[in-house]
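Student: Produce the entire structure from the sequences given, and follow the hints as far as they go.
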Amino acid sequence: MRHIGSRTGTYLWLSLLGILFAAPLAWMISTSLKSPDEMANPDLNLLPREPTLESYDKILGQTQTPVFQWFVNSLLAATLQTVLILVTASMAAYALARMQFPGRRLMTALVLATLFVPPISLVIPNYVIVAGLGWLDSLTAVVVPGAAGAFGVFFLRQFFLSLPKELEEAAIIDGAGRFRVFWQVILPLSKPALATLALLSFLTNWNDFLWPLYVLFSPERLTLQPGLATLQSAYQTDYAAMMAGGVIASVPVLLLFLATQRFVVEGVSRSGLKG
Amino acid sequence: MAGTLAPDRAPGRRASKQVKAAVEEESLRTPALTAYLFLLPYLALFAVFVLAPVLWGIWISLHEWDFLLPGKPFVGLGNYTDLFDPSSTTSEPFLNGMKATLIFVVLSVPLLVALGLLLAVGLQGRYRGRNVFRALFFAPYVLGVAVVGLLWRYLLDPNVGVVNHFLGALGLQADYPWTTQLPWAWASLVIPTLWWTVGYNTVIFLAGLQDIPDELYEAAAIDGAGRWHQFLAVTLPGLRHVMVFVITITILASANVFGQPYIITQGQPGEETRTAIMEITELGLQQFDMGSASAMSTILTVVLLTVTALSFLLFGRRRA
Numbered sequence: 002m003r004h005i006g007s008r009t010g011t012y013l014w015l016s017l018l019g020i021l022f023a024a025p026l027a028w029m030i031s032t033s034l035k036s037p038d039e040m041a042n043p044d045l046n047l048l049p050r051e052p053t054l055e056s057y058d059k060i061l062g063q064t065q066t067p068v069f070q071w072f073v074n075s076l077l078a079a080t081l082q083t084v085l086i087l088v089t090a091s092m093a094a095y096a097l098a099r100m101q102f103p104g105r106r107l108m109t110a111l112v113l114a115t116l117f118v119p120p121i122s123l124v125i126p127n128y129v130i131v132a133g134l135g136w137l138d139s140l141t142a143v144v145v146p147g148a149a150g151a152f153g154v155f156f157l158r159q160f161f162l163s164l165p166k167e168l169e170e171a172a173i174i175d176g177a178g179r180f181r182v183f184w185q186v187i188l189p190l191s192k193p194a195l196a197t198l199a200l201l202s203f204l205t206n207w208n209d210f211l212w213p214l215y216v217l218f219s220p221e222r223l224t225l226q227p228g229l230a231t232l233q234s235a236y237q238t239d240y241a242a243m244m245a246g247g248v249i250a251s252v253p254v255l256l257l258f259l260a261t262q263r264f265v266v267e268g269v270s271r272s273g274l275k276g
Numbered sequence: 130m131a132g133t134l135a136p137d138r139a140p141g142r143r144a145s146k147q148v149k150a151a152v153e154e155e156s157l158r159t160p161a162l163t164a165y166l167f168l169l170p171y172l173a174l175f176a177v178f179v180l181a182p183v184l185w186g187i188w189i190s191l192h193e194w195d196f197l198l199p200g201k202p203f204v205g206l207g208n209y210t211d212l213f214d215p216s217s218t219t220s221e222p223f224l225n226g227m228k229a230t231l232i233f234v235v236l237s238v239p240l241l242v243a244l245g246l247l248l249a250v251g252l253q254g255r256y257r258g259r260n261v262f263r264a265l266f267f268a269p270y271v272l273g274v275a276v277v278g279l280l281w282r283y284l285l286d287p288n289v290g291v292v293n294h295f296l297g298a299l300g301l302q303a304d305y306p307w308t309t310q311l312p313w314a315w316a317s318l319v320i321p322t323l324w325w326t327v328g329y330n331t332v333i334f335l336a337g338l339q340d341i342p343d344e345l346y347e348a349a350a351i352d353g354a355g356r357w358h359q360f361l362a363v364t365l366p367g368l369r370h371v372m373v374f375v376i377t378i379t380i381l382a383s384a385n386v387f388g389q390p391y392i393i394t395q396g397q398p399g400e401e402t403r404t405a406i407m408e409i410t411e412l413g414l415q416q417f418d419m420g421s422a423s424a425m426s427t428i429l430t431v432v433l434l435t436v437t438a439l440s441f442l443l444f445g446r447r448r449a
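In the order they appear, the protein sequences are chains A and B. Quick note, the first sequence lines up with residues 2 to 276 if you use this note's numbering. Quick note, the second sequence lines up with residues 130 to 449 if you use this note's numbering.
These are calculated hints, taken from the structure and not from any lab test. One or more hints might be untrue.
Claimed, not checked - Taking CB as the label site, the calculated pair distances span:
1. B:Tyr-165 with A:Ile-30: 47 to 55 Å
2. B:Asn-288 with A:Ile-30: 34 to 42 Å
3. B:Arg-259 with A:Val-88: 31 to 39 Å
4. B:Trp-188 with A:Ser-219: 50 to 58 Å
5. B:Asp-304 with A:Val-88: 50 to 58 Å
6. A:Thr-9 with B:Phe-213: 37 to 45 Å
7. A:Pro-103 with B:Asp-343: 47 to 55 Å
Computed from a predicted structure; not experimentally measured. Backbone N, C-alpha and C define an ideal beta-carbon position, used for all residues, glycine too.
Tutor: So this is what it looks like as structure tokens:
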């Protein structure tokens, strides 16, 4: 209602900015489909003249840059960590939100306080811990430590606190134990929150860069993000090859985002505590 | 339990209230053991990978802690005083990293906040295509920093990059050394960061805008306020809390910058764009001087916690 007069103007500048925002992604996809000949040509074509998958073939075939293996590693790591977070955080958040026990307030305060600890302060000691556990250069190193963050507990605790207690009480009067209440009443009611947390956790792990960059070394053990960084030295100025790597790493998350846009955006704006 | 309810004395509503209170108490009075079992899996992870590292990081910073050497002698605050002693080898990288980080924060935060707000105000209200725009501006945020870095390194490549090509086509200078010379190197860190993360701020601002009642805008319009005056008199005051929050998280995010300079400028020119986190990881995880690196990260942590604490004070004062 209140913007009627300038609606057209708003559309105009939003569209211009929208094009600017979309252009880099379009350019990445277009470049990844160009042939070496076309890349050598100083004229820049928006669309590839003769689209080819040469660059994809090139990077997927190299043993030095096993992009497909990185993709599998990233998928495994992100999926396993997401499952680990959903299980451990939902149980802990339920106890903190709904049970009375000695030490509850202290534990809640302690866990939530670590939300404010900058991740960098954990990197070096965790490197020593992970090395001591013999996890360096293994997928475990990029699955387990990252699941210890307090965000999932914070996020689900908020949600559980907002659920009405009546349903739980009814189940308890019927003689259900706490675990059955959790499993059959609380979790089914929490599907939207669990889905949002799953998405955010998956994205965070898929995109993590600094930690896997230092705890993984062997080319075949890398995940996509640190792997992509090595494309730069492997292919120098062969930007078509690098863009093909970028497309492989981003298309899954972009599709996931488009399919679940509202969950992600609303999850982020509701929690506001990620990053 | 039923015996305590005295059903004959308190019929109807009162009784059901009592039942409810009793049940509630009952439901809260789970054996503590059950609660601890629920907590155990997470707390085990938390203790090993969050709580222990926080404390251990400080402990490491008090030692000459070379990861590869068996002896790790205690040096007290030696690592810390070295960081500020020009004659020590760790001082130059530390001060350089802090300076580069500060420059990046000062350059990026105002733009990230202002453009985030501008986009949110543009997207405000219900109209066709709103969600498409919102998704478009947010989309880069779901990409990893390695993708963002490689992509922008290509776009900003002085010779074959599309940015210089485009500037040339407009008849402007077409050979800016974006990634290798000052001040352009800062632009090649700030612009990609803006593209990558501004959508996050926009989404937070949009949530804040929804909480401003329409009546305030209507009242302002009746008083003859134009769009700009409505923005100043209604939007900005209504967003005060959200604004403090967004500024705080943006400062924290920018102070943690790592991937962009690691990939796009690689710290160039010289070491001008090597940020604090780059110096910490280089020193601690490549040269394995973990004592000094932990001292650096402890100082950075204290600075960032101070920023957080200050914003909490601001929050508190404004709420009162």
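Student: Take the hints in turn and mark each one as holding or not.
Tutor: Status of each hint after checking the structure:
1. A beta carbon spacing of about 51 Å between B:Tyr-165 and A:Ile-30 agrees with the range 47 to 55 Å that was offered as a hint.
2. The hinted window of 34 to 42 Å between B:Asn-288 and A:Ile-30 is violated, with their beta carbons roughly 22 Å apart.
3. Distance hint check: the CB atoms of B:Arg-259 and A:Val-88 are about 37 Å apart, consistent with the given range 31 to 39 Å.
4. A hinted range of 50 to 58 Å is violated for the C-beta pair B:Trp-188 and A:Ser-219, which are about 31 Å apart.
5. Between B:Asp-304 and A:Val-88 the beta carbons are some 55 Å apart, a value that agrees with the proposed interval 50 to 58 Å.
6. A:Thr-9 and B:Phe-213 have their C-beta atoms about 58 Å apart, which leaves the hinted 37 to 45 Å range violated.
7. For the hinted restraint 47 to 55 Å between A:Pro-103 and B:Asp-343, the CB-CB distance of approximately 48 Å keeps it satisfied.
In this structure, the earlier hints numbered 2, 4, 6 are contradicted, and the remaining ones agree with it.
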